[in-house]
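In case you want the letters, here they are:
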Amino acid sequence: MPVQLQHSGYSAEKLQSLTESLPCREAQASTLLALMGEPDQYSYPSIFIYGHRASGKSYVTLRVLKELELPHAAVSCVECVSPGLLFEQVLLSLFGHTAASSLPRCPSLSDFVRLYKQLCSQNPAKQTRYIVLDRAELLRDMEVNLLPGFLRLQELVDDNVTVILLSEIVWDKFRPNTGLFEPLLLHFPDYTKAELQKILARDSHPSYPQELYSFYINILLGVFYSVCRDLRELRHLAALNFPKFCEPLENGEAKESDTHKLWRNIEPHLKKAMQTVYLREISSVQWEQQQEMMEKEAMAPKGLSAYTHVELPYYSKFLLIAAYLASYNPARTDRRFFLKHHGKMKKTNFLKKHEKTSNHLLGPKPFPLDRLLAIFYSVVDSRVAPTASVFSQISSLVTLQLLTLVGHDDQLDSPKYKCAVSLDFICAISRTVSFDIVRYLYDFL
Amino acid sequence: TPRYATPSIPSRTQPARTPGNVLEEARARLHVSSVPESLPCREQEFQDIYSFVESKIIDGTGGCMYISGVPGTGKTATVHEVIRSLQQAAEQDEIPQFRFIEINGMKMTDPHQAYVQILQKLSDQKATPDHAAALLEKRFSNPAPKKETTVLLVDELDLLWTRKQNVMYNLFDWPTRRHARLVVLTIANTMDLPERIMINRVASRLGLTRMSFQPYSFKQLQQIITSRLNRVKAFEEDALQLVSRKVAALSGDARRCLDICRRATEICEHDASDKNTTGLVNMSHVMAALDEMFSSSYITAISCASVQEQLFLRAVITEFRRLGLEEATFQQVFLQHQALCRVEGLQPLSVSEGLAVCQRLGSSRLLLLEPSRLDVLLRVRLNVSQDDVLYALKTD
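From first to last, the protein sequence lines stand for chains S and D. Residue numbers for the first sequence follow the working numbering, beginning at 1 and rising by one. Residue numbers for the second sequence follow the working numbering, beginning at 1 and rising by one.
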């Protein structure tokens, strides 16, 4: 039985319903309530709440404010591309429609404070007003005075107002160099496995008993807990895979007590889900369709990452291959790979000490256009005239983001490029023109 | 709950009282805003400017003069004094009537506003900057009967600088017109301003009439204070000498000198309420005032800082010595800090607390920091010399 939230100034039944709606967050909710105090008391000017994604920060805060019917404004900073929108939303939800429309066109913080002061002198706060700013880390990128201003808002407007900031980032990264009013820090810890189990088991399917769903969640967490502790993600996966879990029961192959059989049925399925639907390789709609098709044993649809094959013109393929070779081979070795009658090179001289680490780990290196063309002519068997089309193919490879231009100092005079494709991609491309790229790569010598 | 944590100046509800005793009287006289009866120690400069402007007024021609000098040497006060005596002379019909206009570069939002202000003061007209420039151009280049000489004082000239310098050019070009009858007196802080920022076209118009105000020597400062006090006996001789010697050694700024004297009278008054003394400002009061105004606040701030903050500064210096550089990342300093904590027998801080300490020092400008979103990689530099920090840390 969860601990009953206790606080003077609020009715018991409200607190009761609040307790029921906040599973596993009683400690945080009661701290928050203690900080907020009674409705007519002054609260601390600013509270900063941080914790990982889906640890119930905004849910708990908004739930408390809504359930206790406190005047509040909940604004997500993602939506507010300019401070004006932020001010407008705050005034709109605290003072109603007419207040927000009286803001000037491009309001500054001082306009907001002036208007707020004017409005709260007309109807002074009988209860603490709350401004909840979600994703508060975006405030840092707006005007410099916005974050310090909001932290001191209670003092600036001389009204009973508290600003609650919600963020996934720790407070240390918020302080500007000029200092500010320090808020109270409140941390929401991650849910433990038992807590996740408890929360997920709350939303059971109506046609199946509670215990069965709880068992299902147990299996699900056994598979997914090591990679994912995000409540939202887990809930999504639970909803998605539950029909599959129930299949043997519907077919009559198993009874509800045959836990081992059910587990045997669902476990490989969940493992597959981790590689496909969890990585968003295939969408959840496709996944559901696939589950229906399972009986026919249809071919599994290819995921997003399987579509890496791109159709390119003949010379573009060779240009890309040449660019890849130029990016991942040291320029010193070009003579050995691409010249017919290179002088004799001993392997010991050939390998330098610092080049023993794989170039593929260090990433592509930039190369000049001349080198690209030299390798290109050596790689292509036929004679290719350096026509405009060859050069325009290079620049269109840049626009396709298969090559990138490095250092935008000069477009025409010896530009430098990098190759931005993976080894799998280039291997697929070279197979289509029957060119063995691995033989030409220094790393695989 | 902390409310009204921002420090602010209390607003005055009653008007300032008239001076009751000697010290208050002295304070009123020493105030920078009270106009003195005469300007001692600037007689030569006064005479030069006076004769320059007077000759131009009598001849009915125009000209420019550039006046420079470090702050607090009496440039603006002398020019105002000159104008006052010229206006007196004009009232007694010794010289022809003239008109005085003053603009200040600091009071303008934009250099082109100078035109608007000049036009408004000349003829009560309001116009846009471009229009005002055209009107002024017309006014100064066309002959008009019964035109009186205009004396224009341009204070803080360096703020009228624009990229094409057309405001300065016009200001210096108008006096050279045949019918302008305009005398322009310009004031700035630097002596080589015409050479440094003006293009040739402008500097040549300015001409060669330059005057530079030297900083006051201690004797001059003493004379200024004595003349200001004008037989109000509030200071001991030695005290006055100490103030003027100190100020002359540092900057020769008369305003600074007056401020110190006023502060010394306040300290004296405060002391007198405790125990009965002579009621005169003596050496100790002046010493206290000088200490307040000249001593570096950094050292006081460091010696008043918390234990962990002092330890952090010590860690910064240790790390600098180890690296042989004047810059280190927070990470490096923090390791030193933790080692120092163990040596001192204190509980080592967590990274968040360490960052908070560091950023508190940064916001009081004892350290220079990079933006805080770099986290442990932010680079730390000292804003004070290492010797100052060590000196402040030693005096417990």
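It should be emphasised that the hints constitute simulated quantities derived from the structure, not laboratory data. Don't take every hint at face value.
Stated by the list, open to error - List time: in silico SDA-like cross-link candidates among lysine to any residue, alpha-carbon distance up to 25 Å:
(1) D/Lys107 with S/Ser108
(2) S/Lys173 with D/Gln308
(3) S/Lys173 with D/Lys107
Only a predicted model underlies this, so the values are computations on that prediction, with no experimental measurement involved.
Exercise. Against the earlier hints, flag every one the structure doesn't satisfy and list their numbers going up.
Key: 3
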